[in-house]
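Student: One letter stands for each residue in the lines below.
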Amino acid sequence: MTDTRPGRLPASGHRPGRPGPFFARDRGHHPPALWPDYKTSVARSPRQPLLSFENTLSEITGPLFSLRDLGPQDNDLLSNFATEGQPIGERMLLHGQVLDQNARPVPGVLIEIWQANAAGRYRHVNDGYRAPLDPAFGGCGRTVTDSEGRYFFRSIKPGAYPWPNATDSWRPAHVHFSIFGSGFAQRLITQAYFEGDPLIDRCPIAGSIPDPAARNMLVARLDMENSVPFDMLAWRFDIVLRGRRSTCFENRPEGN
Amino acid sequence: MRIPPNAPPNTPPVLKETPSQTAGPYVHIGLRPSVAGFAGYTWEPDHQIANPADKSRRIRISGTVFDGTGAPVKDALIEAWQADANGHYPHPEDGRPVMPGFRGFGRAAADLESGEWHFDTIRPGPVPGPGGTLQAPHVSLWIVARGINIGLHTRLYFPEDAALHATDPLLAIIPDPRRRETLIATREKDGEGVTYRFDIHIQGEYETVFLDI
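Those protein sequence lines, which keep their order, are chains Y and L. Taking our numbering, the leading residue of the first sequence gets 1, the next gets one more, and so forth. Taking our numbering, the leading residue of the second sequence gets 257, the next gets one more, and so forth.
No wet-lab data here; the hints were simulated from the structure. It is possible that part of the hints are untrue.
[To be verified] Now the stretches of chain L that chain Y is said to cover, found in silico as 3 or more residues with beta-carbon under 8 Å:
| hint | region |
| --- | --- |
| 1 | 277-289 |
| 2 | 392-398 |
| 3 | 426-439 |
[Stated by the list, open to error] Under the rule of at most 30 Å between Cα atoms (straight-line distance), these lysine-lysine pairs were calculated in the DSBU-like manner:
| hint | chain 1 | residue 1 | chain 2 | residue 2 |
| --- | --- | --- | --- | --- |
| 4 | L | Lys445 | Y | Lys39 |
| 5 | L | Lys445 | L | Lys330 |
| 6 | L | Lys330 | Y | Lys157 |
| 7 | L | Lys311 | L | Lys445 |
| 8 | L | Lys272 | Y | Lys157 |
| 9 | L | Lys272 | Y | Lys39 |
| 10 | Y | Lys157 | Y | Lys39 |
Don't be surprised by glycine CBs; every beta carbon is placed ideally from N, CA and C.
With the sequences and hints as input, model every part of the structure.
Tutor: In structure tokens:
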């Protein structure tokens, strides 16, 4: 139970009987900040070591969202931009489940996505790729996971596109994902790729994840079990957020 | 460090966390869609962290993110999370009441021309720290942009709280005073309201302290 008596401070979250701090982030499983093959990372990566600090209330808490914050079409990229017409491209159901590292479903998670259209063009002032914009496609969506941690979006499969890095670098088709957990320390942005895309192994951004098994976690799987016949293919992308330690280590008694 | 005598042994994680990827240059489409020209959402997080109607204690936090060449990161997106003026978080694991209309969360996109960003908020109160300590008032910040492979966590502290900084458990473990200074905003402007400046340097002589939390 949370102590709500006036003048009483809650513990920093490390008390027996409640979840402990988050598992330490396994930095070797993530891309290093400096990955020279991805040239922009050279000037945009810290050189000093990160300062490790045990979780406090500031990291264990974080913003919470609910479906009430969202509109009914926010997770439908097929219809949430244009008032008439439909986007061009391969229709898809993009769905999955959010778990924590203890393999428990995480309900109430805000997921925001953004993507290029079927031709590989973003609706953004800084995207100068010659491929056309789609008048019926905006490219963003959001939803909140249900009681079992599940989510889904309707969209079109994005196209690959060239980008300035090496002389002829192409991004594999991908959807950007932003995910909140219940604590600010869980904050995560990533990208979902599509099973079978030969550009994944040529991409320096996907390749910034050193461990192939870790990189493989970002590949959405074709999911015929959930395809909608004569309508759309389904792709499954499960997400794992940092989990909490089950017990509590204390440096010293809380004194309350 | 000690384990409470009645605690069961800790269970190791069974799954690996999903790896991070850069937010890329078009992050606004997804996270600040109104900035990107998308008008389809009825509400989206923005630079207002506290209740805009609470004018008496308003402060502004503004800054620029600089890369290792000293150039502003014009595509940066900054998120902020903070307690209210009493040091209470709007979250069940805090559980204490928060001020009306206080969300505690803000999201600011850098100006695409200048790289400058800002939040409008109120000053947070001190919050509990480990082992019964008190943490000086601070705002937790998280920075993403093209070229940033995993979001950068840092904290902003306020210059008026020098006495509390001396006992803050996070500032206490930064031995170099010049490094510690990178986490303390400067008070820039009074008048209508107070503005604090907090520039973030990703690398170089003034590299900001970033956190592994």
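Student: If a hint holds in the structure, say so; if it does not, say that too.
Tutor: Consistency of the hints with the structure:
no.: 1; hint: 277-289; verdict: holds (count 12)
no.: 2; hint: 392-398; verdict: holds (count 3)
no.: 3; hint: 426-439; verdict: holds (count 4)
no.: 4; hint: L:Lys445 <-> Y:Lys39; verdict: violated, 38 Å
no.: 5; hint: L:Lys445 <-> L:Lys330; verdict: holds, 24 Å
no.: 6; hint: L:Lys330 <-> Y:Lys157; verdict: holds, 29 Å
no.: 7; hint: L:Lys311 <-> L:Lys445; verdict: holds, 16 Å
no.: 8; hint: L:Lys272 <-> Y:Lys157; verdict: holds, 27 Å
no.: 9; hint: L:Lys272 <-> Y:Lys39; verdict: holds, 27 Å
no.: 10; hint: Y:Lys157 <-> Y:Lys39; verdict: holds, 27 Å
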